[in-house]
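Each protein sequence line maps, in turn, to chains A and B. Counting with this note's numbering, you get residues 3 to 255 for the letters of the first sequence. Counting with this note's numbering, you get residues 692 to 979 for the letters of the second sequence.
These aren't lab readings, by the way, just hints derived from the structure by calculation. Just so you know, even glycine gets a beta-carbon here, dropped at the ideal spot from N, CA and C. Don't take every hint at face value.
Only pairs whose alpha carbons sit at most 35 angstroms apart, straight line, appear in this in silico DSBU-like list of lysine-lysine [claimed, not checked]:
1. B/LYS827 to A/LYS16
2. A/LYS195 to A/LYS226
3. B/LYS820 to A/LYS16
4. A/LYS16 to B/LYS814
5. B/LYS814 to B/LYS827
The following label-pair restraints were derived from C-beta to C-beta distances [stated by the list, open to error]:
6. B/ASP853 to A/VAL142: 54 to 60 angstroms
7. A/GLY8 to B/ALA765: 18 to 24 angstroms
8. B/ASP853 to A/ASP254: 24 to 30 angstroms
9. B/TYR705 to A/VAL138: 51 to 57 angstroms
10. A/PRO101 to B/ASP853: 39 to 45 angstroms
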Amino acid sequence: MIRVLGHQLAVEQKVFWRNRESAVFIFIFPIMLFVLLASVYGGTTTIDGITRPTKYALLAGLLSYGAANTAFAGLAITLVIRRESGLLKRLRSTPLPAPAYLAAVVASLLVVFVLQTVSLFVIGRVAFGTRLPHNVASLVLLVLIGVAGFGGLGFGVTSLIRSAEGSSAVVNVILLPMAFLSGSFGPARHLPKVLGWIADVLPLRYFVQLANAVYLNGQHVWSKPGAIAVVLGWGAGGLAVAARRFRWEPRDR
Amino acid sequence: MPAAIHVRDLRKSYGGVEAVRGISFEVAAGEVFGLLGPNGAGKTTTVEILEGYRPRDGGTVEVLGFDPGHAERAFRERIGVVLQQSELWPNLTVREVHLAFAGYYERARDVDEVIAIVGLTEKAHARVKTLSGGQKRRLDLGVALVGDPDLVFLDEPTTGFDPGARRNAWEMIRALRALGKTILLTTHYLDEAQQLADRVAVIRAGEIVSVGTPAQLIAGVPLTQIRYRNNGETVVIDTETPTAVLAELTTGAVSAGVELEGLEVRRPTLEDVYLDLVGGARDTELEA
Numbered sequence: 003m004i005r006v007l008g009h010q011l012a013v014e015q016k017v018f019w020r021n022r023e024s025a026v027f028i029f030i031f032p033i034m035l036f037v038l039l040a041s042v043y044g045g046t047t048t049i050d051g052i053t054r055p056t057k058y059a060l061l062a063g064l065l066s067y068g069a070a071n072t073a074f075a076g077l078a079i080t081l082v083i084r085r086e087s088g089l090l091k092r093l094r095s096t097p098l099p100a101p102a103y104l105a106a107v108v109a110s111l112l113v114v115f116v117l118q119t120v121s122l123f124v125i126g127r128v129a130f131g132t133r134l135p136h137n138v139a140s141l142v143l144l145v146l147i148g149v150a151g152f153g154g155l156g157f158g159v160t161s162l163i164r165s166a167e168g169s170s171a172v173v174n175v176i177l178l179p180m181a182f183l184s185g186s187f188g189p190a191r192h193l194p195k196v197l198g199w200i201a202d203v204l205p206l207r208y209f210v211q212l213a214n215a216v217y218l219n220g221q222h223v224w225s226k227p228g229a230i231a232v233v234l235g236w237g238a239g240g241l242a243v244a245a246r247r248f249r250w251e252p253r254d255r
Numbered sequence: 692m693p694a695a696i697h698v699r700d701l702r703k704s705y706g707g708v709e710a711v712r713g714i715s716f717e718v719a720a721g722e723v724f725g726l727l728g729p730n731g732a733g734k735t736t737t738v739e740i741l742e743g744y745r746p747r748d749g750g751t752v753e754v755l756g757f758d759p760g761h762a763e764r765a766f767r768e769r770i771g772v773v774l775q776q777s778e779l780w781p782n783l784t785v786r787e788v789h790l791a792f793a794g795y796y797e798r799a800r801d802v803d804e805v806i807a808i809v810g811l812t813e814k815a816h817a818r819v820k821t822l823s824g825g826q827k828r829r830l831d832l833g834v835a836l837v838g839d840p841d842l843v844f845l846d847e848p849t850t851g852f853d854p855g856a857r858r859n860a861w862e863m864i865r866a867l868r869a870l871g872k873t874i875l876l877t878t879h880y881l882d883e884a885q886q887l888a889d890r891v892a893v894i895r896a897g898e899i900v901s902v903g904t905p906a907q908l909i910a911g912v913p914l915t916q917i918r919y920r921n922n923g924e925t926v927v928i929d930t931e932t933p934t935a936v937l938a939e940l941t942t943g944a945v946s947a948g949v950e951l952e953g954l955e956v957r958r959p960t961l962e963d964v965y966l967d968l969v970g971g972a973r974d975t976e977l978e979a
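With the hints as constraints, model all of the structure from the sequences given.
Structure, rendered in structure tokens:
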């Protein structure tokens, strides 16, 4: 099981980096947004009562967006395309165990997200003078919580998307508004009441809070158990949908 | 030698529609067995039950001594599957895809050997997305062979091929047989079944209407066809006694002083036999 998981992880990594679309959309896009936004928006921002350079907040925000973009959007699009092309069905007839396969797909996206996080910090440091995080243990936990929560959601939405052509559109219709409302692209303040209510239940808003706590405030991630519960709760909800609706086979043509 | 596949009274319905209605057949180890029938006859449903993809509603099924309904790992170690439609990772090379699949099996074959068997050695380092349709099907076959299976399922292996590519595919399937693999093949091409299969089951509307060697299939239907036109409508008579029927027809026509328009007498081709079988004009039992 471990051997075949490692084997599949290596295959997944090769497939990911060979595919220009996934490498650009999933890996580079959040980094690119950070560079653009941090170049445009200078000045200071006040979060949790503390005023600091806006680019710090943008780094935490884009890190959060990256978690959702990789583990939610990346996972859902990858699985839908593979399902509709018949690849998932084909793999089912091999001895590769289904849990090992799915674990390898998620682990591969975790690798991508870790590299993306490291890149954000390095680019931020070199180009914008942001500081490096000093709480590494909490940062590692933050990354894992993000992949677990948004990955679970990704599995859930995979079972609701019908065609490969529509997968990227559906996923981004969910992801981009969520990212705006949650403050990934800069703090979302003075939202109209209804949008505020929506934002208050979105997992990304709570993940941004966790990222802010760890990176901006130097707190431990577990100092916000409520936010962790919301993120993981959404992940569990996604998995519950997937448990009932996940399909390995393409739609009947 | 035990049968590689043993199917008795297999049944499967989808939402009240019976796709497979009590099918029985056996495939011996080392045999190439063809399931021949039109689209929608239940071929793919049958094969997918045998491959372990879907549960059956009734009947007994044994494949290599396993019940595919439980589709355990040991079973999947020993089968190779070529689906009607599946696309492998487009950005990996032919060799990389083979290596990926080889990693799933306990005792995989040497991938370069497999690539040579399916004739892709020159394309070993080409990315999948650059392959032609025919080459992609070769890749599917290579990947199905990488685990050194005892039994290979080929679901419509040449549908959509041009004649040259079909001939190449046939050569390859014959090569498989030379390796001693048992092969279950579905097709809606009669000539394909005739070219490749040791025995053929003709399947229509979820039932097997005939089983036998391709030669038995023709021999079993010795009817001669007489056609003529009557008031612009074609009349077709299938008969085992063409001489008598013809005598009766022509005598009647001569005494009435009319000409039988477009009169034609012909022996059935294999094509006719097949169309006849799947068209449902007659059920024929052949002894295997």
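We went through each hint and held it up to the structure:
Between B/LYS827 and A/LYS16, the direct Cα distance comes to roughly 20 angstroms. Compliance with the 35 angstroms bound is thereby established for this hinted pair. Straight-line distance between C-alpha atoms of A/LYS195 and A/LYS226 comes to about 25 angstroms, which keeps the hinted pair within the 35 angstroms bound. The straight-line distance between the Cα atoms of B/LYS820 and A/LYS16 is roughly 15 angstroms, inside the 35 angstroms bound, and the hint therefore holds. Pair hint A/LYS16 plus B/LYS814 holds up; C-alpha atoms about 19 angstroms apart against a cutoff of 35 angstroms.
Note on B/LYS814 and B/LYS827: the hinted pairing holds, with a Cα-Cα distance of about 11 angstroms set against a maximum of 35 angstroms. Separated by about 56 angstroms at the C-beta atoms, B/ASP853 and A/VAL142 satisfy the suggested range of 54 to 60 angstroms. Checked against the given bound of 18 to 24 angstroms, the beta carbons of A/GLY8 and B/ALA765, roughly 22 angstroms apart, stay inside it. Here the CB-CB span from B/ASP853 to A/ASP254 is close to 27 angstroms, well matched to the stated 24 to 30 angstroms.
B/TYR705 and A/VAL138 have their C-beta atoms about 54 angstroms apart, which keeps the hinted 51 to 57 angstroms range intact. Roughly 42 angstroms separates the CB atoms of A/PRO101 and B/ASP853, a value that falls within the hinted 39 to 45 angstroms.
Hint compliance for this structure: every hint is met.
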